[in-house]
Amino acid sequence: DAGVIQSPRHEVTEMGQEVTLRCKPISGHNSLFWYRQTMMRGLELLIYFNNNVPIDDSGMPEDRFSAKMPNASFSTLKIQPSEPRDSAVYFCASSQSLSSGANVLTFGAGSRLTVL
Amino acid sequence: EDKVVQSPLSLVVHEGDTVTLNCSYEVTNFRSLLWYKQEKKAPTFLFMLTSSGIEKKSGRLSSILDKKELSSILNITATQTGDSAIYLCAVYNFNKFYFGSGTKLNVKP
Numbered sequence: 001d002a003g004v005i006q007s008p009r010h011e012v013t014e015m016g017q018e019v020t021l022r023c024k025p026i027s028g029h030n031s032l033f034w035y036r037q038t039m040m041r042g043l044e045l046l047i048y049f050n051n052n053v054p055i056d057d058s059g060m061p062e063d064r065f066s067a068k069m070p071n072a073s074f075s076t077l078k079i080q081p082s083e084p085r086d087s088a089v090y091f092c093a094s095s096q097s098l099s100s101g102a103n104v105l106t107f108g109a110g111s112r113l114t115v116l
Numbered sequence: 001e002d003k004v005v006q007s008p009l010s011l012v013v014h015e016g017d018t019v020t021l022n023c024s025y026e027v028t029n030f031r032s033l034l035w036y037k038q039e040k041k042a043p044t045f046l047f048m049l050t051s052s053g054i055e056k057k058s059g060r061l062s063s064i065l066d067k068k069e070l071s072s073i074l075n076i077t078a079t080q081t082g083d084s085a086i087y088l089c090a091v092y093n094f095n096k097f098y099f100g101s102g103t104k105l106n107v108k109p
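Line by line, the protein sequences are chains G and Y.
Each residue of the first sequence is one higher than the last, beginning at 1 in this note's numbering.
Each residue of the second sequence is one higher than the last, beginning at 1 in this note's numbering.
Misleading hints may appear alongside valid ones.
Stated by the list, open to error - List time: in silico SDA-like cross-link candidates among lysine to any residue, alpha-carbon distance up to 20 angstroms:
#: 1; chain 1: Y; residue 1: Lys56; chain 2: Y; residue 2: Asp83
#: 2; chain 1: Y; residue 1: Lys41; chain 2: G; residue 2: Ile26
#: 3; chain 1: Y; residue 1: Lys56; chain 2: G; residue 2: Val104
#: 4; chain 1: Y; residue 1: Lys96; chain 2: G; residue 2: Ile26
#: 5; chain 1: Y; residue 1: Lys40; chain 2: G; residue 2: Glu18
#: 6; chain 1: Y; residue 1: Lys68; chain 2: Y; residue 2: Lys41
#: 7; chain 1: Y; residue 1: Lys40; chain 2: G; residue 2: Val53
Simulated from the structure, these hints should not be mistaken for lab results.
Since this is a predicted model, take the numbers as computed values, not measurements.
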């Protein structure tokens, strides 16, 4: 398995521009998570999906952020308009929901976003 | 509020030392506790613990869960410079994974 695949790996953009981050979860995993990591705040959960349905988006900072999962193999996180404080590493992660609760979260390589 | 707290926040040791990293949690409907290692990229999975008192071991790393004390420790013996990383603790409760802020370990030669 290729693991969780994210693109782009690096993105440099100017304030006000739209940014779209993409994620392909591991095949067979039915839960997908978007995290943001900064030195100041550590790993923050933005939103997660179960079976393509958004379950909890309480971590999404504001209306500028949106996420979609149109099918089991693809998700996007969009920031519009972007601001310098959005600069961070954005991780996508997936897991298989097991009735035992013994889930392991697998991370993608991350997308490093710099907003100038 | 569900939370996971790790200590210490950072640690500097010399090669060959033994270190113990701590993780305590207050998470409703606990299901499992996971340890991850993060170098300059994505966190990678180390251990998953679901039962108290059963040690998980992988080489020089080991971990144990105490569900009565709501805590876990990660031990690293005979540390090497390659162990330098951020170690993250996460707790899963059937809904989300709650992460601690991590312990930054620096192993000096």
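Status of the hints after comparison with the structure:
{"no.": "1", "hint": "Y/Lys56 with Y/Asp83", "result": "holds, 18 angstroms"}
{"no.": "2", "hint": "Y/Lys41 with G/Ile26", "result": "holds, 18 angstroms"}
{"no.": "3", "hint": "Y/Lys56 with G/Val104", "result": "holds, 15 angstroms"}
{"no.": "4", "hint": "Y/Lys96 with G/Ile26", "result": "holds, 18 angstroms"}
{"no.": "5", "hint": "Y/Lys40 with G/Glu18", "result": "violated, 27 angstroms"}
{"no.": "6", "hint": "Y/Lys68 with Y/Lys41", "result": "violated, 34 angstroms"}
{"no.": "7", "hint": "Y/Lys40 with G/Val53", "result": "violated, 31 angstroms"}
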